[in-house]
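Asker: Here's the letter readout for the chains.
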Amino acid sequence: MSETHAKPRLLTPSRPVGIVGYGAYVPRYRLPAQEISRVWTGGMGGTPIQEKSVPGPDEDTATMSIEAARNALARAGDVDPAEIRAVWVGSESHPYAVKPTSTIVAEALGIVPYTQAGDWEFACKAGTEAMVAAMGFVGSGMADYALAIGMDTAQGRPGDALEYTAAAGGAAYLIGPAEEALAVIEGSLSYVTDTPDFWRRAYQKYPEHGQRFTGEPAYFKHITSAARAFFEVTGTGPQDYRFAVFHQPNTKFPTRVATSLGFSREQFETGLLVPRIGNTYSGAAIIGLSAILDVAEPGDRILMVSFGSGAGSDAFGLRVTERLPARRQRAPFTQEYIARRTEIDYATYARWRGKLVLK
Amino acid sequence: MEISRHWRLKKQRYALIGEVCPHCEAKIFPPRDVCPECGDEAKTEFAFSGRGKVYSYTTVQNAPQGYADAAPYTVALVQLDEGPMVTAQLTDLGSQKVEIGMPVEMVTRRLRSEGDQERGMLVYSYKFRPAEFQRLAVAAD
Chain B
17 MSETHAKPRL LTPSRPVGIV GYGAYVPRYR LPAQEISRVW TGGMGGTPIQ EKSVPGPDED
77 TATMSIEAAR NALARAGDVD PAEIRAVWVG SESHPYAVKP TSTIVAEALG IVPYTQAGDW
137 EFACKAGTEA MVAAMGFVGS GMADYALAIG MDTAQGRPGD ALEYTAAAGG AAYLIGPAEE
197 ALAVIEGSLS YVTDTPDFWR RAYQKYPEHG QRFTGEPAYF KHITSAARAF FEVTGTGPQD
257 YRFAVFHQPN TKFPTRVATS LGFSREQFET GLLVPRIGNT YSGAAIIGLS AILDVAEPGD
317 RILMVSFGSG AGSDAFGLRV TERLPARRQR APFTQEYIAR RTEIDYATYA RWRGKLVLK
Chain D
132 MEISRHWRLK KQRYALIGEV CPHCEAKIFP PRDVCPECGD EAKTEFAFSG RGKVYSYTTV
192 QNAPQGYADA APYTVALVQL DEGPMVTAQL TDLGSQKVEI GMPVEMVTRR LRSEGDQERG
252 MLVYSYKFRP AEFQRLAVAA D
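Residue numbers (the working numbering), protein chains in the order written: chain B, 17 to 375; chain D, 132 to 272.
A few of these clues could be false.
If you want a taste of the chain B side facing chain D, the calculated C-beta under 8 Å gives, among others [to be verified]:
#1 Ile82
#2 Ile120
#3 Glu123
#4 Gly126
#5 Pro129
#6 Ala133
#7 Gly134
#8 Thr358
#9 Asp361
#10 Ala363
In silico DSSO-like links for lysine-lysine, alpha-carbon gap of 27 Å or less [stated by the list, open to error]:
#11 Lys228/D with Lys174/D
#12 Lys141/D with Lys174/D
#13 Lys371/B with Lys221/B
#14 Lys115/B with Lys141/D
#15 Lys228/D with Lys115/B
#16 Lys184/D with Lys158/D
Stretches of chain D that chain B covers, calculated by requiring three or more beta carbons in the stretch to come under 8 Å of a beta carbon on chain B [as the list claims (entries may be wrong)]:
#17 136–147
#18 253–262
I should point out that these hints are in silico values taken from the structure, not numbers from a laboratory.
Think of the CB as a built atom: it goes at the ideal place given N, C-alpha and C, for glycine as much as any other residue.
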């Protein structure tokens, strides 16, 4: 396996594009990590986060995507849903193995019938993969608007390290022309290799992971490579961005990767939501971005780098426009979703998440 | 097999799409193409805001077939801001006590699985939760 000689190139469409609407969603239930530890380790040992969000018994990736997408449309000015030419939902917890989540979302939002609709899968970066595709769809001029969603109700095997963090939530982004954008997308760059750090085979309920293999060769290698290449081709560095957000599977990884890339805590703490909601998988990087857009000011630049196991990272550079401050008032802020909170115990969690044997 | 019925009702269930009477302006839910107020034809689609108040409620302990997984759950008569009364489950109550007159808002949620619990089609529908994000409710008025 040798290092590549390919030169990194920025993905930037001929027609400038941006985020014309965005919306977050986090279920209201929380399971403290200490409660999981009580059940499995007698309360001994550290926990990777404080608590994680848990979907209610009537929630799934489709219903959560609908609420996030409604928020995105509420912020999008007067976009007619019929003008949205794609509804793409990235997730590793689609309610059906076969039958699109995206048609349910498109139907609920009145985007049917003249639209693309499809479900995307790339572990935790399925949502940003859909965003890149939406950039191309709008940037080519084929469509004026495309809706990209990253949403998950993540699975963790009872007692496994992932059970502490596997959470529920995500965000929806309506991509459209830059002249209508709340934040212009200056470009994106992806870094992808075949790296087996985490997977779930067909018909399996819970994923497998490569233990420590998930760190250096996977998460850190891909995010760092994508970010450094993005800096190189755009001639920017950490000092050029007011905010930075990374995939956040736990508190330690994004903190370490941000610091190693030269970002200060002040730059990355706004988007670092994992201590209080857990790892929302396909939603993790982009719900951090929604929390940033809730407070960013015109002219601010934002760097977002996602990570999906398997493995790859998408880096995006964004610049906030003067439209954002007024428009973001039209839907709930990410922190408002996080602040509403009902704590549940492990038994309730086990019942709701189908972990009890009933037959 | 009720798949065809679920499919026919999806618009009203997913997004609370009803009708408005072009003659007397009455808002109609569920849609029935004839105005219950003036008796004239009414086929104009109307999207309800989803905001309303609890008119009455009860808690279901012995759930009908297909709903056993969700029991106990609360069902309410919700008076929509636009007028019509709908019957729906309340959700996301947490430890919150339900009260008559309580403001609620519509959310689209999973209602049940049609037939077999693990193999059947998933039925989604409107439910109502206690109104949140008062900042937005005020702005919308």
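Asker: So, for every hint listed, does it hold in this structure?
Answerer: Against the structure, the hints come out as follows:
1. For isoleucine 82/B, the interface hint holds, the least distance from its beta-carbon to any beta-carbon of chain D being 5 Å, beneath 8 Å.
2. Restraint check, isoleucine 120/B versus chain D: the minimum CB separation of about 6 Å is within 8 Å; hint holds.
3. For the restraint placing glutamate 123/B at the interface with chain D, the shortest Cβ-Cβ distance is roughly 6 Å, inside the 8 Å limit, so the hint holds.
4. Taking 8 Å as the C-beta contact cut-off toward chain D, the hint placing glycine 126/B at the interface holds, the least distance being around 7 Å.
5. With its C-beta approaching chain D no nearer than about 12 Å, proline 129/B sits outside the 8 Å limit, and its interface hint is violated.
6. With a least beta-carbon distance of about 14 Å to chain D, the hint placing alanine 133/B at the interface is violated under the 8 Å criterion.
7. Checking glycine 134/B against chain D by beta carbon gives a least distance of about 18 Å; that is not within 8 Å, so the hint is violated.
8. Taken as an interface hint, threonine 358/B checks out: its beta carbon lies about 4 Å from the nearest beta carbon of chain D, inside 8 Å.
9. For the restraint placing aspartate 361/B at the interface with chain D, the shortest Cβ-Cβ distance is roughly 13 Å, beyond the 8 Å limit, so the hint is violated.
10. For alanine 363/B, the interface hint is violated, the least distance from its beta-carbon to any beta-carbon of chain D being 16 Å, above 8 Å.
11. A hinted pair counts as satisfied when its Cα atoms are at most 27 Å apart, and lysine 228/D with lysine 174/D does not qualify at roughly 38 Å.
12. With a C-alpha separation of about 17 Å, the suggested pair lysine 141/D and lysine 174/D falls inside the 27 Å cut-off, and the hint holds.
13. With a C-alpha separation of about 10 Å, the suggested pair lysine 371/B and lysine 221/B falls inside the 27 Å cut-off, and the hint holds.
14. Between the alpha carbons of lysine 115/B and lysine 141/D the distance comes to roughly 16 Å, so the proposed pair stays at or under 27 Å and holds.
15. With a C-alpha separation of about 37 Å, the suggested pair lysine 228/D and lysine 115/B falls outside the 27 Å cut-off, and the hint is violated.
16. A C-alpha spacing of about 16 Å is found between lysine 184/D and lysine 158/D, which places the hinted pair at or below 27 Å, so the restraint holds.
17. Coverage of the segment 136–147 of chain D by chain B holds. Counting CB-CB distances below 8 Å, 4 residues qualify, and the rule asks for three or more.
18. Here's how the segment 253–262 of chain D fares: 3 of its residues keep a CB closer than 8 Å to some CB of chain B, so the rule of at least three is met and the hint holds.
Figure legend: structure checked against the earlier numbered hints; hints not met, in rising order: 5, 6, 7, 9, 10, 11, 15.
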